[in-house]
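There are 2 protein chains.
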Amino acid sequence: MSTLVAVFGTAVRQLREARGWSQEQLSEHANLNRSYVGEIERGQVIVSIVTVDKLARALGMNVAALLDHCEQIERLRRVQSIKLAAIAC
Amino acid sequence: MSTLVAVFGTAVRQLREARGWSQEQLSEHANLNRSYVGEIERGQVIVSIVTVDKLARALGMNVAALLDHCEQIERLRRVQSIKLAAIAC
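From first to last, the protein sequence lines stand for chains A and B.
Just so you know, we're using the working numbering here: the first sequence kicks off at 1 and counts up by one.
Just so you know, we're using the working numbering here: the second sequence kicks off at 90 and counts up by one.
It should be emphasised that the hints constitute simulated quantities derived from the structure, not laboratory data.
Ideal Cβ positions, reconstructed from N, Cα and C, are used throughout, including at glycine.
Warning: the hint list may mix true and false statements.
[Unchecked claim] Pairwise CB distance ranges (calculated):
{"hint": "1", "chain 1": "B", "residue 1": "R146", "chain 2": "A", "residue 2": "R42", "range": "41 to 49 Å"}
{"hint": "2", "chain 1": "B", "residue 1": "V168", "chain 2": "A", "residue 2": "A65", "range": "16 to 24 Å"}
{"hint": "3", "chain 1": "B", "residue 1": "G109", "chain 2": "A", "residue 2": "C89", "range": "40 to 48 Å"}
{"hint": "4", "chain 1": "B", "residue 1": "A107", "chain 2": "A", "residue 2": "M61", "range": "25 to 33 Å"}
{"hint": "5", "chain 1": "B", "residue 1": "G127", "chain 2": "A", "residue 2": "N33", "range": "47 to 55 Å"}
{"hint": "6", "chain 1": "A", "residue 1": "E17", "chain 2": "B", "residue 2": "S91", "range": "37 to 45 Å"}
Starting from the given sequences, assemble the full structure and let the hints guide the process.
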């Protein structure tokens, strides 16, 4: 699986938890299966842009903002891994 | 097919043409099949986020920027349809 798939799952989980929602609540808002939402959050499935759109609408944001959140997570992870590498040196 | 699928195709075509690339060139840069790129541009297939990522990288942008371009197209279309409706009144 690509990095984006894992990061997308993390982003969905973070945004859901920030709203205090359970996976059940997010799946209802997005009209998706609960277990499918779980798989998405664990980075186990490659979602289509239609699913990204459903999740973004459920979270009250547009698809670009949702994917921008993914890139912020990716940037943060890169910075953290550089810091860890620097500590190890 | 959802609006996003059609708009995504238009966005990819616009961005490809802005670079003066053929579908063949974009498909090579993105490591995708040429006919698949044609289907994407015509809004005939629902792409996954992995394909969005491949296309964004090939076009030298991030996924959020590519999807932001889609939303700009959607906003413009909405404005145009409101203007047309106003003319028709």
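Original post:
Given a hinted range of 41 to 49 Å, is it respected by the beta-carbon distance of R146/B and R42/A?
Top reply: At 25 Å between Cβs, range violated.
Original post:
Cβ-Cβ distance between G127/B and N33/A: within 47 to 55 Å?
Top reply: Given range 47 to 55 Å: violated, Cβ gap about 32 Å.
Original post:
Lying within 25 to 33 Å: is that true of the beta-carbon distance A107/B to M61/A?
Top reply: Because 27 Å falls inside the window, the suggested range holds.
**OP:** Please test the hint of 16 to 24 Å on the beta carbon pair from V168/B and A65/A.
**Re:** Roughly 20 Å apart at Cβ, these two residues keep to the hinted range, so it holds.
Original post:
Should the hint that E17/A and S91/B are 37 to 45 Å apart at their CB atoms be regarded as holding?
Top reply: violated (27 Å)
Subject >> Consistency of beta-carbon spacing, C89/A to G109/B, with hint 40 to 48 Å >> reply: holds (45 Å)
Violated hints, listed in ascending order, are 1, 5 and 6; each of the other numbered hints is respected by the structure.
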